[in-house]
Structure formats: C-alpha cells, structure tokens
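Student: One line per chain: the protein sequences are A and B, in this order.
Residue numbers for the first sequence, in the numbering used here: 29 to 359.
Residue numbers for the second sequence, in the numbering used here: 29 to 301.
Don't read these hints as lab results, they were simulated from the structure.
We treat Cβ as the ideally placed atom computed from N, Cα and C, and that holds for glycine.
Be careful, since some hints might not be right.
Computed footprint of chain B on chain A, listed as stretches where at least three residues anywhere in the stretch have a Cβ under 8 Å from a Cβ of chain B [to be verified]:
1) 124-130
2) 151-158
3) 161-174
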Amino acid sequence: MGEVDAVIEVEGLRKVFRGFKSLKVGPLPIPWGQRLRVEAVAGIDLTVRRGEIYGFLGPNGAGKTTTIKMLMGLIRPSAGVMRIFGGAPDEIETRARIGYLPEQPYFYDYLRPREILDFFGKLFLMPRAAREARIDELLPLVGLEDSQNKKLREFSKGMLQRIGIAGALLNEPDLVVLDEPLSGLDPIGRKELRDIIVAQRDLGRTVFFSSHILSDIEMICDKVAIIDHGVIRAVGTLAELLDSEHLEVEIIVRGVSQEILRDRFASVARVERIGEYSRLIVGEGQSNDALRVILELGGHVEGVVRRRESLEDLFVRSAERRGPAVGEEGA
Amino acid sequence: MKRRRSGAWRFTALRVAALAGNTFKEAVRNRAFIGLMFLAGAFLAFSLVLSSLAVTGQGNRVLLDFGFFSISLFGVLIAIVMGAILLHKEIDKKTIFTIIPKPVHRFEVVLGKYFGMLAILIVEVGVLSVLWLGLLWLKGAPVTPEIGKALLLIFLEIVLITAVALMFSSFSRPVLTGILATGVFIVGRVVYLVGEMLTARGGLFVDHPGLRPFGEAVVRVVPDLRVFDGSQEVLLEIPIRGSYLVSATGYCMSYVLVLLALSVLLFQRRDFT
Ligand SMILES: Nc1ncnc2c1ncn2[C@@H]1O[C@H](COP(=O)(O)OP(=O)(O)O)[C@@H](O)[C@H]1O
Ligand SMILES: [Mg+2]
Chain A
29 MGEVDAVIEV EGLRKVFRGF KSLKVGPLPI PWGQRLRVEA VAGIDLTVRR
79 GEIYGFLGPN GAGKTTTIKM LMGLIRPSAG VMRIFGGAPD EIETRARIGY
129 LPEQPYFYDY LRPREILDFF GKLFLMPRAA REARIDELLP LVGLEDSQNK
179 KLREFSKGML QRIGIAGALL NEPDLVVLDE PLSGLDPIGR KELRDIIVAQ
229 RDLGRTVFFS SHILSDIEMI CDKVAIIDHG VIRAVGTLAE LLDSEHLEVE
279 IIVRGVSQEI LRDRFASVAR VERIGEYSRL IVGEGQSNDA LRVILELGGH
329 VEGVVRRRES LEDLFVRSAE RRGPAVGEEG A
Chain B
29 MKRRRSGAWR FTALRVAALA GNTFKEAVRN RAFIGLMFLA GAFLAFSLVL
79 SSLAVTGQGN RVLLDFGFFS ISLFGVLIAI VMGAILLHKE IDKKTIFTII
129 PKPVHRFEVV LGKYFGMLAI LIVEVGVLSV LWLGLLWLKG APVTPEIGKA
179 LLLIFLEIVL ITAVALMFSS FSRPVLTGIL ATGVFIVGRV VYLVGEMLTA
229 RGGLFVDHPG LRPFGEAVVR VVPDLRVFDG SQEVLLEIPI RGSYLVSATG
279 YCMSYVLVLL ALSVLLFQRR DFT
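Chain B extracted, bound-state conformation (with noise of 0.2 Å):
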C-alpha cells in the first residue's frame, strides 16, 4: 500500500514536470517575455548611468537602491504578467482541451503552471542578478553575502505574488487578474501602515469606525511584503541573520500554500467550454 502510494507520488511528479516544462518552453519562445528581460537590462545599465550623476559617495548607494528596485520591479511585473495570461490563455486558446482528458489530475494542471513559472522567474532573477552583481562588481562596490540574502528575499516575494496571480486567474481574466494582483502587491507593500493606523490614537480609522474591520481584514489577509525588504539592511550594513530567511521563507510557504489550494479547489470545479 504505501509503495503505491509513494509511487503516485512520484507520477505526479513526473506529470508536473512535464506540464511546467511545457509552460517554461511558452514564456521563454514569448517575445514579450524576451522584450521585458532586455527592458529590464536597460534599467539595470540605466543604473549605471544614475550612479555616476549622484553625488560624491552616493554612486554606491543608488547601484544598489536601484538594482534592488528593477529586479524586484520586473521579477514582480513578469509574475503577474505570466500569472494573468498563461493558464487563462490555456482555456482561451483550447489547449486545455488536450491536457484535462490525458491521464492528469487538474491539480498537477495548477502545479505544473506554478512551477513552470516559478523556473521563468528563476532564470528571469538568476540572469539579473548576475549582471547587476557583475556592474557592482565592476565600479568596485562591495558585493556582500548581504546582497546575496536581499537577493532571495526578493525571489520570495515574487514567488508569493506568482501564487497571487495564479489564484486570481483561476477565475478572472487578464485584466482583472492583472489589477487584482497588482492590488494585492501594493496593499502588501504598504499594509504595516495600515497595522499602525489601527493602533494609533487618531487618524483614519478613529475618524472613521465604521471602517476599521475592513482595515482589520486588509491586515489579516493581504501578506505583508515588506517582510521581504532587505534592501535597507544591505544599505546600512546590517547582517540579515539566517533565522530570519528561514522564517521569511516560512512566511511565504504558508501563503503560498493557501494560494495554490484556493486555486485548485477553484480549476477543479470549471467547465470548459
């Protein structure tokens, strides 16, 4: 009994793999996929230009704050990009019609897409990182362990609104996925200010109770990305310590956990038509 089961396992495994190679293959024969890595280049080299502009001492500081922000800026804009278009275009083009009636679960469907894009946006991160790391390296700033850690940290996030996107794309279309998931990141940016707002003596939600469960359930469900920052840290010299990716990491699992069973239990029940 349990050898089957493990063997299950290890088919599914195989099914999302070739589902999510499938996707890979998509995102990267895409040209606007392609057209977003280049413009996201351009940003990072635009950097360059930045740092020699600033003043005396602080070229330094803006390669990082801008590299930071243009990897996490287009890791995020790619995430929700893909999110809302792949598995819709899926359904809309028909393809679907020749994977749901293959030996699959629908699960292993939404799994292999996440993980499809979770590979885009690892190479899509991986090949930024490298050339940001590579212009830092070449005007001589620091290229810290600490940079490396901020690196992932970002990847976490963008791994997290991937799920967000993917959710909201099992039952919107393109746009909508795209505002909604788009809603979600700046909310989640921006959702430790509201957690002040309900504790502070005054202000908004003191002028106004009649929104404060609203602001209550903005902070209990909408993640709060800027667990993710370790842009400031980098800046400041102070060392991210291992237990903290571990339980940013933990952070980002549990959401994307949910994420992806909403997402199934909302693609099990679809027809498609």
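Chain A extracted, bound-state conformation (with noise of 0.2 Å):
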C-alpha cells in the first residue's frame, strides 16, 4: 500500500485573519476605522506519526484550534502544505478516516444522542446495523447510556463534551483529533478520556489533541509540540522536553516582599506567591547566589528543594521566551 508512516505533516503553515473590526448596527456589521490583521498561524511545521498520542500544547490564543481547524478543511490557509496520509486533508477519503471533535462542541440541541449520531454515521455512509452497533458500543464507553433520552439541549458542558468524543470514534478513524478535550469534563471523565485515548493508541490508531490547561493527561503523550502566539515553541517526547539540562532549585522565602525579589530576581528566577511566602524557582548553577542575596536583602529561607522542571513550567518558559524554538523535531 505504501502509505507513508507520517499520518500528518505541515509544513510552513501559516494563517493570517483579515478584515475590518466591525460596529454592528441592526443587522449591517458596518466596518469602521481600523484594520485588522491577526497572524494566528505563523508558519509551522509539525509531523505526527502513525501510532503517536501527539498532544499540541499552548496557552489561550496562541493558534491550536486555528490549525486544526485549517486540518479539517474549516478555514484556509494563507500559505502551507498540509498532508494528511499523505494525501490532501479536504479529500473525502481522507476524511472518511478521520475523527475530530471540534473546540467547543455544538450540536444539534434538538436531536438526541442516538439521533446525532446517527447522522453522523448516515453521513460517514455507514450501514444502518454497523451505526446502530457502534452506538451501543460507544454510548457506554463515554458514560451516556443513562442519559439516550434526553434532548441534547438539556446536556451540561461535559455530558455534550462526551457525546463529541462519541462523535469523534463513531468511523473508528485511524486518526483521532480532539480540540481541548479536557474542556468540560471533571476530573474522573478526564480519567476516563484518558483511558480512551491510550485505548485508541493501543488499536494502532493515532491521537492529536490540543489543551491548554496541564494535567496528569499530557503524560500520556509520546510526543508533545508547545506552541504560543502562532509558533512553535518546543517539540519532543516529554523525556526530551523534561531533561536533566532543566534542573531547578526551588527556594521558599518569607520576610521580603514580592516587588524587591521579583526586582532583584527579574532576570535570573520566577518568583510565585504562596500564601505570606514567596516561591523562587531558579536554575541549578545559581542557587548559592539566590540564596545570599536573600539573606542580604534579610528574608528566612524556608526550604530549598532540587526539583525537576515539570512540563507546566516548561509550558510557561515556553510561552514566555520569544527566542528561537527549543527542542528539535526527531528525524
């Protein structure tokens, strides 16, 4: 078949929204004054293999949901090469094998869950036994079985989060493309998304997904891509990513104010508040020099503790630096 390894390659993908901020009078959105140019993608380039549980990773705003979005052939691009399978992502054949749950999913709040995703499936050409088949097996898997009845209208944020999954597994999609999945769901459905994700992994299929809060669910990424303001900032496995280059110290303090250390310390450590005390994250080598200036600038020291740099503190070193990428695209 020859079907090359890579499930989704970019390159250069870039996407510049333009227009005019509009003034909406009655029905008439007048454009006024000012233009408006937003660079959301700012040429990217990301490759997810067959088989990866690929987490794209990034504060609000920083161009996820713009590029999945230009994936799914929902906004074009304004310059880039998309494959996916090797072939033209808008192609119906590709798309046949793919699954995607969209950012914020809306649905039909007259249907009810079997109903949609009837559709669905009716949509994917899916055989009437195979659809009704695959409902029963995937209503209970997102823990909806309970819930057939009910119009979709009468769904909370998690329960409509956990039928766009449905949606998303109904084709059994080789490729797997959940936007902020997280999004909605309480800590156990986390557990349970989780579990389904590494399940989908384990059927040989490839999972992309993007988020923007951290938690225990990047851990089971094989392959992380941080991206901020529209550029990548950081990919490689977490073992990359979360090396030993990046051992910090973190020193508890009290006694100075936040102002004087995050002044003393603008250049060199992060400071956080926790309580009456101060957190100083600083790197390995300057431990020794944090430590005596705190104590001339007459602060306890609380503790100090040799940490590993979690992939949260990577994510806001990430978006903080405007410096070239750090990590490298494994070849």
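Dock chain to chain to rebuild the complex, using the hints, since each chain is given by itself in its own frame.
Tutor: Structure (structure tokens):
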C-alpha cells in the first residue's frame, strides 16, 4: 500500500486573519476604522507519526484551534502545505478516516444522543446495522447510556463533550483529532478520557489533541509540541523536553516583599506567591547566589528543594520566551 | 470509470438525503415553525367567516381568493424565514464544525439544506392544501383539477423563493437575508409592471431616462412571479394547460439551478472561524 509513516505532515503552515473591526448596527456589520490583521499561525511545521499520541499544547490564543481547523478544512491556510495520510486533507477518502472533536462541541440541540450519532454515521455512509452496533458500543464508553432519551439542549457541557468524543470515534477513525478534549470534564471524566485515548493508540490509531490546561493527560503523550503566538516553541518527547538540563531549585522565602524579589531576580528566577511565602525558582547553578542575595535582603529561607522541571514549567517558560524554539523535531 | 462515477453520485445522494433529513427534523421540532403552521390554518378558517359575510354568490369567490392568498403567503413566509435562519444557525451555533470535516462535499451541505427546506414546504403546502380543499368541499364549492394545478404553481413559486433566500443567506446575516429575499419576492410580483413601464410612451422611464438601465436590469434579473399565479384562471374557470405547467416548471428550475450554483460558490470559499 506504500502508506507513509507520517499521518499528519504540516510545513510552513500560516494563517492570517484579515478584515475590519466591525461595529454591528442592526443587521449590517459596518466596517469602521482600523484594519484587523492577526497572524494566528505563523508558519509552523509538524509531523505526527502513526500510532502516536501527540499533544498540541499552548496557552489560549496560541493558534491551536486555527491549526486544527485548517487541517479539518474549516479554514483556508494563507500559506503552507498540509498532508494527512500522505494526501490532501480535504479529500473525501481522507476525511472518512478522521474523527474530530471541535473545540466547543455545539450540537443540534433538538436531537437526542442516538439521533445525532446516527446522523453522523449516515454522513460516513455507515450501513444502519453498523451504525446501531457502533452507537451501542460508544454510549456506554463515554458514559451516556443513561441519558439516551434526553435532547441535547438539556445536556451539561461535560455531557456534550462526551457526545463529541463519541462522535469523534464513531467511524473507527485511523486519526482522532481532539480540540481541547478536557474542557468541561470533571476529574473522573478526564481519567476516562485518558483511558479512551490510550485505548485508541493501543488499537493502532493516531491521536492528535490540543490543550491549554495541563493535567495528567500530558503524561500519556508520546510527543508534544508547544505553540505560542502562532509559533512552535518546543517539540519532542516529554523525556527530551523535560531533560536534566532543566533541573531547578525551588527556594521558599519569607520576610521579603514580592516586589523586591521580582526586582532583584527579574532575569534569573521566577517568583510566585504562596500565601505569606514566596517561591523562587532558579536554575541549578544559580542557587548559591540566590540564597546569598535573599539573606542580604534580610529574608528567611524556609526551604530549598532541588526539583526536575515539570511540564507546567516548560509550558510557562516556552510561552514566555520569544527566542528561538527549543527542542528539535526528531528525524 | 463510468461505474465509479455513478457510485459517487449515489454517495452524494445518500449524504444529501441525510443532511436534508436533519434539516427537516430541525424545522419540525421548532416551535416557530409549528406556530406558523397553526397561524396559517387559523387564517384559512377565518376565510370561512369572511365568505359567510360576503355578498350572496360571492362566498365561494372569497374562499378561493383567500385560500390562494394564505397558502402562498405562508409558504413564502416560511421559505424566507427558514432560508434566513437555518443555514445561518448552522454557522452561528457552530454545528457546521461537525459537518464540514466529515467526508462530505460542501455543495452537498448546501443541497442538503435546500432539499430539507423543500421537504418541510411540501408538508406545509400539502397540509394547508388538504385543509383548504376540505373547507371548499364542506361549503359545496366546486373542487376542480384547476385548483390543484394552481396550487402546484404556488409551490413552484415557493421553491424559487427558497432558493433566493438560501443564496442570500450564504453570505449575509438573517435579517438582511430576510429583507433581501422579501424584496425579491415583492419586486418579482410586480416586475411585469416595470416591464410595461419600460415600453410605455410616458411615465417614469421617460421622465428619468437615467433610471432606464436600472429598470432593465431588474426586469432581466428578477423572476416574474406572475408566472406562478393561477388563481385568476381558477376564478374565471379558464383551463390551465399542461404545457403551461411544464414551461412554468422550467422557468422555476432555471432560476433554482443558477441560485443554487451561486449559493455553492459563495459557501465554498467561506472560512468557518
Ligand atoms: N476569525 C478570526 N478573526 C480574527 N482573529 C482570529 C479569528 N479566529 C482566531 N483569531 C485569533 O487567532 C489567534 C489564535 O486563536 P486560536 O487558534 O483560537 O487559539 P487557541 O486555540 O490556541 O486558543 C488568537 O489571537 C485569536 O484571537
Ligand atoms: Mg482553541
């Protein structure tokens, strides 16, 4: 069959939103004044390989949804190349192999869970028996078998998210694309979602999902990319990204104001507040200097801990920096 | 090769049917639609009252006139309201995000909406027509095949206006769509007058020659909806010929095809953000 190993390939993908800021006067949006130009995705490269769980992480407004929408054919790229399963993303044959959960899954609220899944199944040209069997399988999987007779307008956000997940798995897709799958889910829901994602990978499928919040779910990622301001800041396996190079020391301080600490450590440390204490996080080599300065300022050191950088730290660090991206796409 | 092509069309038909079915369900489960249906029914019932007040011998005429009027008015109203709302709602409520990435062509989405709306209008016109024919029969008015033909013509007009509304809704917001589509409907009803004025020896276009190109453009572009009015023939007991129905259908279809093609073109290029 000669299918390439890469499931999603993106090169130089860009999206610039243009238009006018509009003022709505009655039914007519009147363009006024200032032109709008937002470079939501500023030329990114991505390679997602078969069988990977790929986390696409970054803060709100980073460009995750825009990227995913371009892959899903909802938005036209301004520039760049996209391939899914080695072919054009908008081909019917390609789309038949994709399951997609939109960012805020809005569904036809006049339908019941079964009806909407059945409708989607028809669009995939699944025969009736196959649709019914698959729905019977999916509703319990996403924990909705007890809500079958409610219309979707009575559903909570988390329940809608569950329907969305069922919808994304309906066609037994080779590629599952989930935009913010955690949103609306409680901790139990997150755990279940994590199990579902891992189960998909174990079936040989590829999962690509975005998230702006960090939770345990990132730990199941085979690979993550961190995007911010439309630029990929870091790509790699978690082990690569959280490597020993980024060991840090956490210093808990009392008796010095936040402002003074921030001022003195502006370039070398992050300062966070925990109640009446402050937490300073500095690079490994800088802890002695930092402790000396704190003592000179008359502060009390309450604790010093050496720790490995967490993904959250990487996330914040990547989002804060404006320099070249860290990490390299593995060949 | 040929087999594959016909297979592709079959798949398109299946998907359009699924999309149309969903659109149909949406309208049927919508209170506004049901409300309009009841209102139309009440309107028809009101014609009974009017006909009993009419001058002797004119009662049936009132019944006929009023029936044609209400069936066509509510049909067009529902067509415009649905055309304005349904596609826009799909985008506004972001349900379109779940449809476009599916293995469907965008033109299938447009066709699905259109045929779904037609299905609703068939039900609407069908129910009202049966109700009305029942009333006519109860009042002892003659129920002739010409009435059926005139109803068919009304339906053709509704089919056309639905396509007009859908075309506008593929680039504008509901209120604007409603205004534009209503405008086309009204102008379409009187466009023959504009045509007459253009050939007249005096009047507007002679006094203001600058308006002439505008008038000519209107006559050329806007459908002449008088084509779909068979009520006078029914009242005057003039037969509506089969060949007339065929040419009216052709007239309607040529507009519908162009309007659907425009809708697809406009819809094709859209970003869904
Ligand atoms: N339709 C649009 N018009 C203008 N700007 C947009 C539009 N959609 C998104 N953006 C902007 O593009 C950037 C990226 O947005 P998005 O892809 O939704 O981010 P994320 O999903 O990572 O939170 C944001 O700055 C957002 O404001
Ligand atoms: Mg997003």
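Student: If a hint holds in the structure, say so; if it doesn't, say that too.
Tutor: Here is how each hint holds up against the structure:
{"no.": "1", "hint": "124-130", "result": "holds (count 4)"}
{"no.": "2", "hint": "151-158", "result": "holds (count 3)"}
{"no.": "3", "hint": "161-174", "result": "violated (count 0)"}
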